[in-house]
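Take the sequences, apply the hints, and build the full model.
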Amino acid sequence: MEAIELDVFRRVHEDDTFWCGTLLGGCGGQLTTKLYTDRACHFAHHPDPDGLPHVCGRRSRGVDSADHLYVRSAAAAWLAGRGEQATFEYTRTEGAPIGSVVDVRWRHGALRVHLDQSVTPVWDDGVEPVLGTMVPVDRDTLIRRWYVHRIRLDSVGTARHVQIGTEAFARPIEWFALDECEMTERGLSTPAVEKIVQARTAPRPSLWSPGKARKVPEPEARAQALLRRLVYARRIESVPVVKQVCADIENLTGVDGELQEQLEAAVRNARVWLVEQAEARRMLFDSLNTAVEEQKPGRVRRLLMRVNATAAEDRTDAESAVYERATTYFDNLDDLTRAAVEAEADTEKEAHKAAAHVRSTLQRLRGYDAYTPDLRPRVGELVRAAALAGELLTRGEARRVEVWKKRAARGPQEQLHVARRYWIQRSCPRCNAEQGKDCVLVEGPNSGKPRKNGHNERLQLELDERKATQKKARQQKTARQEAEASAEPVQPAPEEVPEHEARPTRPLQDRPQSGRKGQAHASRTNAAARLHHQVPRGDWYRMGCPRCHSGPGKLCENDDRVGPSAKRQLPHDERLRRVLQSGERIGPGEQQEGTRDERQHQAPPPARTKARPARPRRKEREPQETAGSAARTWHAKEVTCPKCQARPNSPCTPHGPHQERVEWAKEFTHKLWG
Numbered sequence: 001m002e003a004i005e006l007d008v009f010r011r012v013h014e015d016d017t018f019w020c021g022t023l024l025g026g027c028g029g030q031l032t033t034k035l036y037t038d039r040a041c042h043f044a045h046h047p048d049p050d051g052l053p054h055v056c057g058r059r060s061r062g063v064d065s066a067d068h069l070y071v072r073s074a075a076a077a078w079l080a081g082r083g084e085q086a087t088f089e090y091t092r093t094e095g096a097p098i099g100s101v102v103d104v105r106w107r108h109g110a111l112r113v114h115l116d117q118s119v120t121p122v123w124d125d126g127v128e129p130v131l132g133t134m135v136p137v138d139r140d141t142l143i144r145r146w147y148v149h150r151i152r153l154d155s156v157g158t159a160r161h162v163q164i165g166t167e168a169f170a171r172p173i174e175w176f177a178l179d180e181c182e183m184t185e186r187g188l189s190t191p192a193v194e195k196i197v198q199a200r201t202a203p204r205p206s207l208w209s210p211g212k213a214r215k216v217p218e219p220e221a222r223a224q225a226l227l228r229r230l231v232y233a234r235r236i237e238s239v240p241v242v243k244q245v246c247a248d249i250e251n252l253t254g255v256d257g258e259l260q261e262q263l264e265a266a267v268r269n270a271r272v273w274l275v276e277q278a279e280a281r282r283m284l285f286d287s288l289n290t291a292v293e294e295q296k297p298g299r300v301r302r303l304l305m306r307v308n309a310t311a312a313e314d315r316t317d318a319e320s321a322v323y324e325r326a327t328t329y330f331d332n333l334d335d336l337t338r339a340a341v342e343a344e345a346d347t348e349k350e351a352h353k354a355a356a357h358v359r360s361t362l363q364r365l366r367g368y369d370a371y372t373p374d375l376r377p378r379v380g381e382l383v384r385a386a387a388l389a390g391e392l393l394t395r396g397e398a399r400r401v402e403v404w405k406k407r408a409a410r411g412p413q414e415q416l417h418v419a420r421r422y423w424i425q426r427s428c429p430r431c432n433a434e435q436g437k438d439c440v441l442v443e444g445p446n447s448g449k450p451r452k453n454g455h456n457e458r459l460q461l462e463l464d465e466r467k468a469t470q471k472k473a474r475q476q477k478t479a480r481q482e483a484e485a486s487a488e489p490v491q492p493a494p495e496e497v498p499e500h501e502a503r504p505t506r507p508l509q510d511r512p513q514s515g516r517k518g519q520a521h522a523s524r525t526n527a528a529a530r531l532h533h534q535v536p537r538g539d540w541y542r543m544g545c546p547r548c549h550s551g552p553g554k555l556c557e558n559d560d561r562v563g564p565s566a567k568r569q570l571p572h573d574e575r576l577r578r579v580l581q582s583g584e585r586i587g588p589g590e591q592q593e594g595t596r597d598e599r600q601h602q603a604p605p606p607a608r609t610k611a612r613p614a615r616p617r618r619k620e621r622e623p624q625e626t627a628g629s630a631a632r633t634w635h636a637k638e639v640t641c642p643k644c645q646a647r648p649n650s651p652c653t654p655h656g657p658h659q660e661r662v663e664w665a666k667e668f669t670h671k672l673w674g
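First residue of the sequence shown: 1, per the working numbering; consecutive thereafter.
It is worth saying that the hints were derived from the structure and are not from the lab.
Remember, predicted model here, so these are calculated numbers, not experimental data.
Keep in mind that the hints are not guaranteed to be accurate.
As the list claims (entries may be wrong) - Straight-line Cα separation of at most 16 Å, EDC-like style, residue types lysine to aspartate or glutamate; simulated pairs:
id: 1; residue 1: 34; residue 2: 7
id: 2; residue 1: 243; residue 2: 194
id: 3; residue 1: 406; residue 2: 369
id: 4; residue 1: 554; residue 2: 574
id: 5; residue 1: 643; residue 2: 465
id: 6; residue 1: 467; residue 2: 276
id: 7; residue 1: 405; residue 2: 443
id: 8; residue 1: 195; residue 2: 180
id: 9; residue 1: 349; residue 2: 391
id: 10; residue 1: 353; residue 2: 116
id: 11; residue 1: 472; residue 2: 663
id: 12; residue 1: 296; residue 2: 334
To be verified - Taking CB as the label site, the calculated pair distances span:
id: 13; residue 1: 581; residue 2: 429; range: 49 to 59 Å
id: 14; residue 1: 430; residue 2: 275; range: 51 to 61 Å
id: 15; residue 1: 87; residue 2: 398; range: 44 to 54 Å
id: 16; residue 1: 81; residue 2: 336; range: 24 to 34 Å
id: 17; residue 1: 420; residue 2: 138; range: 46 to 56 Å
id: 18; residue 1: 5; residue 2: 647; range: 28 to 38 Å
id: 19; residue 1: 175; residue 2: 381; range: 18 to 28 Å
id: 20; residue 1: 268; residue 2: 443; range: 41 to 51 Å
id: 21; residue 1: 173; residue 2: 16; range: 37 to 47 Å
id: 22; residue 1: 316; residue 2: 237; range: 14 to 24 Å
id: 23; residue 1: 349; residue 2: 376; range: 19 to 29 Å
All C-beta atoms, glycine included, are put in the ideal place defined by N, C-alpha and C.
Structure representation (structure tokens):
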């Protein structure tokens, strides 16, 4: 399917050729592989010698169009494992496409697999039918045969695996792998068949209790059993069984009291139901007779199928005459009319398939209440299938299709991506989910059930808060930079000097640079101008702080939340500015500047004849309270989390670390480094 897979396929089969299979309805011509990067790779016919496009008669190209070949392969392997060698035949009944029926025959048995409804199953010709999932079977046949076998093929990767199911009276179909099935004297057998046969043939166990058991009179037990059987017959809509049970109840004697009243009421209701069924059957044959008189072959065909499914037995002479007349009329149709009827039947069949596809697609879409890009192909198939199904859809299904059509008309809605541990801490404005609760579906039949992802409205709140936090941080950073720039000491204007005494032009390396080098130079210049760089570290806390009123030798209070602790890592700018203005200490930068100016205005000093006396050592200061270096990198675990207020070296709750804690550590590092 993918381009890279096709490259490997070509290398493996470089010496092989491929042909359009006639058993798939193809033309038998040679094929080549087509490589695409924007769609699925596939086989294609070689062009005709005259340059015109090749015309192939194959119409069905779905994965199920080769199911008869998969059935043959699976059946051959299954029988070979049991020492049997089988022969296969794809029966071509008139009007049925190839692959509708697969006959499997071996020395001790035979099966006929009906994969679609093109050929009506025959139950009493010695070959056991196995029906596809879309092949109908009437209830009387289920009652008479106890069970029927079904077959389905499931896609596993690029292969199709065969599953055998057993359908019985009012029981769900039980599916088994082919290896779990066996051939017995009764024919094809599954584990479910063994249970059904055992339940039918074994005597019903008597009910008893360890204590004193109450003996139920035999007529009462018989009456209760007949009531249960009557309910079951009504459920499966079997007219012969209902008639038989009603007769048995009327012939039952020895029942008195309340139970007898229940039996009489059940029989009355059953008689009313039989009258309704007889009226429906009469209307069915009247409609068939009218369709023959009006010469409507399409309606005759549909009604004949209904008669075969619901009224195949116990026909009266009048009903048999109507049926024979309709059958003769349909068999004597000319080829053109028959082709038109078959085309109409194919259209109706496609409509039923489309309706089934709509229902399955709606079932898969029950877990969504928004139209996302990944749902675009599925919704497109839903709309096309709904157009083919037409009136076969119920009102509720049609309304749900219209909802998806409106969503598709508005365009796909991109699903935002935010970690669940963040948006789960908010309430949802769309489905009103509380904090800590998942979002639920707000539309469709599954309203109120949990949603796969959070609603975009809920995720957008988290994204908006992140953007607002980042914007606020940028504004605070800009404000601090402007405040620090305005607090820098103003340098006095230089005195005018004669032109011949003017300073020489700065060398090329001292000139302002542009681009990244110029930005780096400006960054270093701004960093050097910060107050905590101009004041020696030993003099930071020599004087009290006029802002937070911390005494000499004490750290400043963290009143503007610069850092994770209650004390600031750097003193307030007001405190540093006070030290600079005191004049008692000169920073290294000012000392160098003064020395340089002094050298420029004085004559060169004479050569020194003796060494300069050593400077007295600086008096050792007492150890001061400190909160860390001004030039370090802070990590998320070392700061207080602004989202969940987790203390330093403590994990965030419920999941962490939070992004706000990481960003705060980065921002604090930038503040310290400048």
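For each hint, the structure was consulted:
Proposed proximity of residue 34 and residue 7 is supported: the alpha carbons are some 11 Å apart, at most 16 Å. Straight-line distance between C-alpha atoms of residue 243 and residue 194 comes to about 30 Å, which puts the hinted pair past the 16 Å bound. At most 16 Å may separate the alpha-carbon atoms for a hinted pair to count; residue 406 and residue 369 meet this at roughly 12 Å. Annotation: proposed proximity of residue 554 to residue 574 holds, straight-line Cα distance about 15 Å (limit 16 Å).
Among the hinted pairs, residue 643 with residue 465 is consistent with the structure: their alpha-carbon atoms are about 12 Å apart, no more than 16 Å. With a C-alpha separation of about 71 Å, the suggested pairing of residue 467 with residue 276 is violated against the 16 Å cut-off. This hinted pair checks out: residue 405 and residue 443 have alpha carbons roughly 14 Å apart, not beyond 16 Å. Among the hinted pairs, residue 195 with residue 180 is consistent with the structure: their alpha-carbon atoms are about 14 Å apart, no more than 16 Å.
The suggested pairing of residue 349 with residue 391 holds, with an alpha-carbon distance near 13 Å, which does not exceed 16 Å. For a cut-off of 16 Å, the pair hint linking residue 353 to residue 116 stands: about 12 Å separates their Cα positions. For a cut-off of 16 Å, the pair hint linking residue 472 to residue 663 stands: about 13 Å separates their Cα positions. At roughly 13 Å between alpha-carbon atoms, residue 296 and residue 334 fall within 16 Å of each other, so this suggested pair holds.
In this structure the hint that residue 581 and residue 429 lie 49 to 59 Å apart at CB holds, the actual value being about 55 Å. Restraint check, residue 430 to residue 275: a C-beta distance of roughly 54 Å satisfies the suggested window 51 to 61 Å. For residue 87 paired with residue 398, a C-beta distance near 49 Å keeps the hint of 44 to 54 Å intact. Our hint of 24 to 34 Å for residue 81 and residue 336 is violated, since their Cβ atoms are close to 50 Å apart.
Range check, residue 420 to residue 138: Cβ separation about 53 Å, and the 46 to 56 Å hint holds. One distance hint, 28 to 38 Å for the beta-carbon pair residue 5 and residue 647, is violated here, with the actual separation near 55 Å. Remark: the range hint 18 to 28 Å for residue 175 to residue 381 is upheld by a beta-carbon distance near 26 Å. Evaluation of the 41 to 51 Å hint for residue 268 and residue 443 yields a pass: the beta carbon distance comes to about 47 Å.
Checked against the given bound of 37 to 47 Å, the beta carbons of residue 173 and residue 16, roughly 40 Å apart, stay inside it. Between residue 316 and residue 237, the C-beta spacing of about 19 Å keeps the proposed range 14 to 24 Å intact. Between residue 349 and residue 376 the Cβ separation comes to about 28 Å, which falls inside the hinted range of 19 to 29 Å.
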